[in-house]
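Trainee: Chain by chain, the residues run as shown.
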Amino acid sequence: MLRVVLAPLLAVLYLFGVYVLIHGHYGPGGGFVAGILVAAAMILPRLVGWAPERLSLSARGAAVTAVAGILLFAALGGGSLVVGQPLLDYAALPIGTTVPARRSMGILLIEVGVALAVAGSMLALFYALTGKLGEAHRP
Amino acid sequence: MTFQIEHLLTVMVAASALALIWVRDLFAVVVVLSVYSGLLAILFALMGAVDVAFMEAVVGTTMSTVCFIGLMWWVDPDELTLLSAPRRLLAIAPAVGLGGLLLYGVMALPPFGDPAAPPMVHVSPAYIQGSVADMATPNVVAAVLADYRSFDTMIETAVVVAAVLACLLVLKHRDVPSV
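So the protein lines, in turn, are chains A and B.
When we follow numbering that gives the first Met the number 0, the leftmost residue of the first sequence carries the number 0, and every step to the right adds one.
When we follow numbering that gives the first Met the number 0, the leftmost residue of the second sequence carries the number 0, and every step to the right adds one.
Isolated chain B (complex conformation) (with noise of 0.2 Å):
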């Protein structure tokens, strides 16, 4: 097996996930935290998808750490207590049982980059062909968002709108100034 870049950086990627246990301090939880998103965004760019890399890179190292710096105002790291051992049992488990069945759900895709893989067969070739004929857009990944499924975009973005609204409304009655 010949030594592919990919390889490094998902090694890197499950350090990270396993640094972010042994971390104590929150601050470099948040920094390790930003690294793990880093590191999946050039994953994503190296896999071809390049505006999902753009994405986590954005919203995952940048947009997530300012708020959990943002966070990290309310908490006064001398009064947090780690869990008592069941607790933790009781919390690691359902972590690990999720994983095992994401695992287990993986085995059963279709290689990367696989022709024959069904979404490939199925409505991939008619968006791709047809982005530039039918709204003048190279890329076919905006002409799918904000087209040809634009209804799921529109959901998405009031879903995003409704939980900002809703932290608005929990957070202001703690002791902010109003918003």
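The following block holds chain A by itself, in its conformation from the complex (with noise of 0.2 Å):
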């Protein structure tokens, strides 16, 4: 019963992170709640006893996921530096036409790298509270 009233949560939770991840230049939101969108879409079934193995991560695969996450950021950051500008200064990168266009590009994928660090971070924090709800069901 609970997994029926689930299965289309999950689908607007996940959608709805995304949206609001790629939509955090025009409202409200960003990279950090999408990250914990996405993480509370993986956490909500595993309180009813139910693990997808699609669209969600082990907890390993939840600590590389905001390691990656963290690297993505510093190595934009870092990437400025390389061509001899300051730290994390998008338009020195390749990914747009004009000055704006690269900085905007910017902001959207160190968004992207918030994100997956914090889904990652909040997942794997889960996983080590309740290592029993978390384990137990899996097949």
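Any given hint could turn out to be false.
With the Cβ distance kept under 8 Å, some of the chain B side facing chain A (calculated, not the full set) [said to hold, decoys possible]:
(1) Phe53
(2) Met119
(3) Ala145
(4) Ser149
(5) Thr152
Beta-carbon label-pair distances, calculated as ranges [as the list claims (entries may be wrong)]:
(6) A:Gly95 <-> B:Val28: 46 to 56 Å
(7) B:Asp75 <-> A:Gly48: 43 to 53 Å
(8) B:Pro85 <-> A:Pro51: 20 to 30 Å
(9) B:Leu79 <-> A:Pro51: 29 to 39 Å
(10) A:Val81 <-> B:Pro137: 24 to 34 Å
(11) A:Val17 <-> B:Ala161: 22 to 32 Å
Residues of chain A clear of chain B, computed beta-carbon distances all greater than 10 Å [stated by the list, open to error]:
(12) Met0
(13) Pro7
(14) Ala10
(15) Val11
(16) Tyr18
(17) Pro44
(18) Leu46
Everything labelled a hint here was simulated from the structure, so no lab data went into it.
Where is the CB? At the ideal position from N, CA and C, for every residue including glycine.
Using the hints, put the two chains back together into the complex; each one sits in its own frame.
Mentor: What follows is the structure, given as structure tokens:
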């Protein structure tokens, strides 16, 4: 019964998470909130004892995702250092035609990094706190 | 003074904070904490800080509630004992002192929405006027967080990840399957 209610809710949660991430330039939200929404979509089914294999991460995968997110952020920030510009100057990166376009794309890319870092962190924290709950129902 | 929904909400925030002291059941404490965060989120939204409100709603009411419920997995309610009276006093005194200091600090702040407040006349106008021309981003909060002040955001994200990794290392030595 809970799964029937949860399945469409998960689709909405994932979609809303991605929407908040890519719409951050124009509305409230951004990478941090998007990461938590996606992590919530992965945690919710586990709270009712259901662990879907698709669209979800293992405990190790969650920790690796968190570190990958912060590395993506740092790589984008350090990229401008390589060409002799200040740290985190997205205008120095080859990701757009004009300076505002490059900085706009830079914001989106670092928000993706923040979302990965936060989603991975929160999921890893949930696994660590609820080791029994998170692992017991795995097939 | 006309009635404003903010006054009612502020009273409700204070009431839920007081309720936290009286409630004894652990699960009830977690729920009241979540209600407290939800009310704060509405207050932030009414004050125009939509990004902060969104964050408080998602982190305060949802994520921390889930983490607290996960934490309750470790706790046996029968083993919990209240602190003895002198120790309780030892905990209350610094809490009241810190609260008093914060209220004292709030008195020195400029009134809410004051156009002459120092942050309003210093960098805010430059950010608000420049964000569309500089990075084609109408949401000034996103522009400040991810570009003008992105160094802060990078280190904050690193702090979150480092804190969670530290939690994993501490909890690894408990009787849970290793991460």
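Trainee: For each hint, tell me whether it holds in the structure or not.
Mentor: Verification of the supplied hints:
1. Phe53: With a closest approach of 5 Å, the Phe53 of chain B hint holds.
2. Met119: Check failed: Cβ of Met119 of chain B comes no nearer than 21 Å to chain A, outside 8 Å.
3. Ala145: Since the shortest Cβ distance to chain A is 4 Å, the answer is holds.
4. Ser149: 5 Å, holds
5. Thr152: 7 Å, holds
6. A:Gly95 <-> B:Val28: 46 to 56 Å: 50 Å, holds
7. B:Asp75 <-> A:Gly48: 43 to 53 Å: Cβ of Asp75 of chain B to Cβ of Gly48 of chain A: about 22 Å, so the range 43 to 53 Å is violated.
8. B:Pro85 <-> A:Pro51: 20 to 30 Å: 52 Å, violated
9. B:Leu79 <-> A:Pro51: 29 to 39 Å: 35 Å, holds
10. A:Val81 <-> B:Pro137: 24 to 34 Å: 31 Å, holds
11. A:Val17 <-> B:Ala161: 22 to 32 Å: 26 Å, holds
12. Met0: 21 Å, holds
13. Pro7: 19 Å, holds
14. Ala10: 18 Å, holds
15. Val11: Val11 of chain A clear of chain B: closest Cβ-Cβ about 15 Å, beyond 10 Å.
16. Tyr18: Tyr18 of chain A is indeed farther than 10 Å from all Cβ atoms of chain B, at 13 Å.
17. Pro44: Per Cβ check, Pro44 of chain A is outside 10 Å of chain B; nearest 13 Å; holds.
18. Leu46: 7 Å, violated
The structure does not agree with the numbered hints 2, 7, 8 and 18 stated previously, though it agrees with the rest.
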